[in-house]
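For the record, the sequence lines run as chains A and B. The opening residue of the first sequence carries number 1 in the working numbering; numbering runs sequentially from there. The opening residue of the second sequence carries number 1 in the working numbering; numbering runs sequentially from there.
Simulated from the structure, these hints should not be mistaken for laboratory data. Just so it is clear, CB atoms sit at the ideal spot from N, CA and C, and this is done for glycine as well. Hints may be right or wrong, so weigh each one.
[As the list claims (entries may be wrong)] Taking lysine-lysine and the BS3-like style, the derived pairs with C-alpha atoms no more than 30 Å apart in a straight line are: (1) 219/B x 250/A; (2) 71/B x 326/B; (3) 376/B x 250/A.
[Said to hold, decoys possible] To spell it out: a stretch of chain A is covered by chain B in this simulated footprint if at least three of its residues, at any positions, have a beta carbon under 8 Å from a beta carbon of chain B; those stretches are: (4) 148-161; (5) 315-329; (6) 417-428; (7) 431-444.
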Amino acid sequence: MTQMSVPWRPRGKAKFDGPAGMVAGGAKTVFAIFAPFVRAFPGAIMLSAVFGTIVAVWAHYLLFEVVDIALIGSTFNIPANTGLLGGPLTVEEARSALTQIGAPAAGFLCYLLYPVQYGLVRDLVAAGGILGFISVIPLYTIWWERKVAGRIQSRTGPMRVGGWHGWSQSMADGIKLICKEDLCPAGADKPLFKLAPYLAFVPAILAFFALPFGTYWVFRQLDVALVFILAMLGIEVLGVIIAGWASNNKWSVYGAMREACQMVSYEIPMGMALLIPIMCVGTLSLTTIGDTQSGGWTSWIVFRSPFTFAAALVYYIASLASCKRAPFDLPESESELVAGFHTEYSGFRWSLFFFAEYAAMFVVSGLLVILFFGAWYSPLPLLWADGLGESLPARAVKGVLFAGPIWFIAKCVFLLYVQIWLRWTLPRIRIDQVLYACIQVLLPLMMLILLGHTFYELLVPVGGVVWTLFNLILSTIGAVLMIGMLFVATYGCWNRVRLVGNLGRELLPGS
Amino acid sequence: MADTLLESQPDLMLDIDKSEQGDVRTEEMLVNMGPQHPATHGVLRVVLRTDGELVLEAVPHIGYLHRCAEKIGENLQPYQYIPYTDRMDYLAGMNNNQAFAIAIERLAGIEVPERAKYIRVIFAELNRIASHLVALGTYGLDMGAFTPFLYMFREREMILDLFESTCGARLTYSYINVGGVHDDFPDRFLDVLEEFLDYFEPKIEEYNQLLSYNHIFVKRTANVGVISPDDAVRWALTGPVLRGSGINWDLRKSTPYEIYDRFDFDIPIGLPGGSERIPRSVVVGDCWNRYFVRLVEMEQSCRIIRQAMKQIPEGKILANKLKNLKLPNDEVYVEIENPRGQLGFYIRGDGSAIPSRVKARGPSFCNISVLNHIGKGCLLADIPAIVGSIDIVMGECDR
Chain A
1 MTQMSVPWRP RGKAKFDGPA GMVAGGAKTV FAIFAPFVRA FPGAIMLSAV FGTIVAVWAH
61 YLLFEVVDIA LIGSTFNIPA NTGLLGGPLT VEEARSALTQ IGAPAAGFLC YLLYPVQYGL
121 VRDLVAAGGI LGFISVIPLY TIWWERKVAG RIQSRTGPMR VGGWHGWSQS MADGIKLICK
181 EDLCPAGADK PLFKLAPYLA FVPAILAFFA LPFGTYWVFR QLDVALVFIL AMLGIEVLGV
241 IIAGWASNNK WSVYGAMREA CQMVSYEIPM GMALLIPIMC VGTLSLTTIG DTQSGGWTSW
301 IVFRSPFTFA AALVYYIASL ASCKRAPFDL PESESELVAG FHTEYSGFRW SLFFFAEYAA
361 MFVVSGLLVI LFFGAWYSPL PLLWADGLGE SLPARAVKGV LFAGPIWFIA KCVFLLYVQI
421 WLRWTLPRIR IDQVLYACIQ VLLPLMMLIL LGHTFYELLV PVGGVVWTLF NLILSTIGAV
481 LMIGMLFVAT YGCWNRVRLV GNLGRELLPG S
Chain B
1 MADTLLESQP DLMLDIDKSE QGDVRTEEML VNMGPQHPAT HGVLRVVLRT DGELVLEAVP
61 HIGYLHRCAE KIGENLQPYQ YIPYTDRMDY LAGMNNNQAF AIAIERLAGI EVPERAKYIR
121 VIFAELNRIA SHLVALGTYG LDMGAFTPFL YMFREREMIL DLFESTCGAR LTYSYINVGG
181 VHDDFPDRFL DVLEEFLDYF EPKIEEYNQL LSYNHIFVKR TANVGVISPD DAVRWALTGP
241 VLRGSGINWD LRKSTPYEIY DRFDFDIPIG LPGGSERIPR SVVVGDCWNR YFVRLVEMEQ
301 SCRIIRQAMK QIPEGKILAN KLKNLKLPND EVYVEIENPR GQLGFYIRGD GSAIPSRVKA
361 RGPSFCNISV LNHIGKGCLL ADIPAIVGSI DIVMGECDR
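Could you build all of it, start to finish, from the sequences and the hints given here?
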């Protein structure tokens, strides 16, 4: 019998002594140093890490504000370094050099030598923060997804790594993935195969650069932030399609084609659903749209009219399809296409796809929160915070109670939880049913909603009787849904021993 | 060819008329589904000829798990062969043991004690429940629903605990032996069994809510892979696949072996949509009906076990004079109702202790043959649905 053809052959020994080995070694050392402490106080470390991050970001923000005020209203000259151009530069000189059209090179140099490097430093810190945030989101969303899935399925999920409920399981997985060999199938289109994960990952980061976490908490305040984010999510699809095509695997091609089919069907209702809040506010700037919802629960756009309510639902369904979550996970459906578009990927490149997917999950949830669910504002009206003043503690209280990134992240995390919940409850839809649902059901529905909303905005005066009535009814429905869910969750948690039955009790997680 | 096949499934709403594709050149693709594929339940290999997502042909290739099980049977004494039957349909070891044991007993004229017969029925029905739990759970998995799978495995685990308490094994039991069973129940076994049944029966309703009547699940399985009653008979299908096509044929009822004529139970069959407990879009013989027949069979198995628990007498569990068992110069063919269909053993003795011929008729082997017939003209995602609803175990298919 002739030797069977193997799609790929390992080329030499797997290299673990390069950067990957160093990363692994460093991680091991760090873990060895910190492991006893982590084991001793896991919960305290988790909480302090969360609050420490928030405080650190807050402090940065204050620092920049102070610097900003000092620079703009500066009556004194900040002494600068003695630069290559010779002689100390003042702020004014640097500014004028920056604005000189005839000397771009000098302007660039001046920018580098700028006394406090305000803009550059701010951008670097913010970019670093966003990258860190994007790295942390998938790690903890994956861990959390596994815990939630475990509870749904009467298991415990990861319990070992890190000591407290396996909180560092994802980090261990990540280190393992980095250490794995970087495989490329022999028949694959190598440049495209290696490019595809980055094409999926980079847009997901870029989308964060325009996503505001608060009124001033945004890397670049774009006037077309919404369009920019949608474009970035669109490019991510390209990475998936290229990955499927370049793998030289029939299942991957199926995954890629499904992704393409799915994209053309969900993008249209999704885009139309996003038009509704734009029509309400009249801008594409996410910061402005968010700031119009500062008046508490009833001012959220989702409760503005029956049409915005329906549009939010349509957007949520379409957003599930956009980040390939169940029941729309056809491009990577395990039982049909092995692993779909990432069948041939392994190690770090594979983990990039996961990072991109979870980052995209956060972005689409963030869009939903900003456009419909009150952005970074709490259900309490911001007006109530006016009496608190502008001192530092007052601002902290304001941030916790009324507005701030904490609220934004909390709402996003809740929507992530709903995505996880749906994934572990629902079966998968077939591809023709996805197309049918998106094109034959959601699209006409969305057109009707768009038309209805146009007439509603035209004919029903804002603040009139009809408007207020609908607003109140919808707000009440939303509140009842929310409280009902909390009640059911509490009831289930309280009676968790009784509900599973006599024999199942010993199989209960944590028993 | 594909056009005519699509007529049997008009609700696919796919237009593959070549003339309407204009200048776009399309090519058919051959895809190997298996032997390493998450949805082929072991080592089944299905060669698919596809046009995009449309499957034009689905040819099952078997034999990756062939272990000469029949030939081994011609070199061993019957009691030595019992462990090999476990490894055929490894999800229903008790039933396989039982089939072979009954065949040998009929051939050699061994009378099985009453208590052993009841123990056999209880364990065969428990194993039927366990096997169906795996079938239904993995079927949900094929549809992308992960959670029902773990719920069903949770309950299956309890059944395995019951088996373990009696025979010490959790998967390959070799418990039902020629002439009876090899161990009696431990203390309090029937109490624990009763407790399990009280726990288990309400769970079936939970599966219904979670999976059976789930809108997406019904959409995925209703009117998919329809086997007409004629086809079901022509392709020699048996078990839930046959009954899902609306044919009332169950060996426990039609030709009762052992003591099944003493129990009162129903044979669930596939029903048209709109009947009691059946969603409207379902047709007789589709994947949903095959799935649901298994679910109802679990309820009926519980009924049988409850009756057997009431009737079970005290007494011996193994027949006498089993040493130096000589098989007469005769032949026998016995079929019993396995969870997957009719498992038959043909055995010919030649006066010695070792049978001169052992032949098994496996339900999975016969049932999988219909795959190409019903898999034509469906979508790629329907192939796991159809394979899962036929519920094959490759160990028994390849033997």
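Do the hints match the structure? See the list:
1. 219/B x 250/A: holds, 26 Å
2. 71/B x 326/B: holds, 19 Å
3. 376/B x 250/A: Roughly 20 Å separates the two Cα atoms, so the pair holds.
4. 148-161: holds (count 5)
5. 315-329: holds (count 3)
6. 417-428: holds (count 5)
7. 431-444: holds (count 4)
Taken one by one, the earlier hints all hold for this structure without exception.
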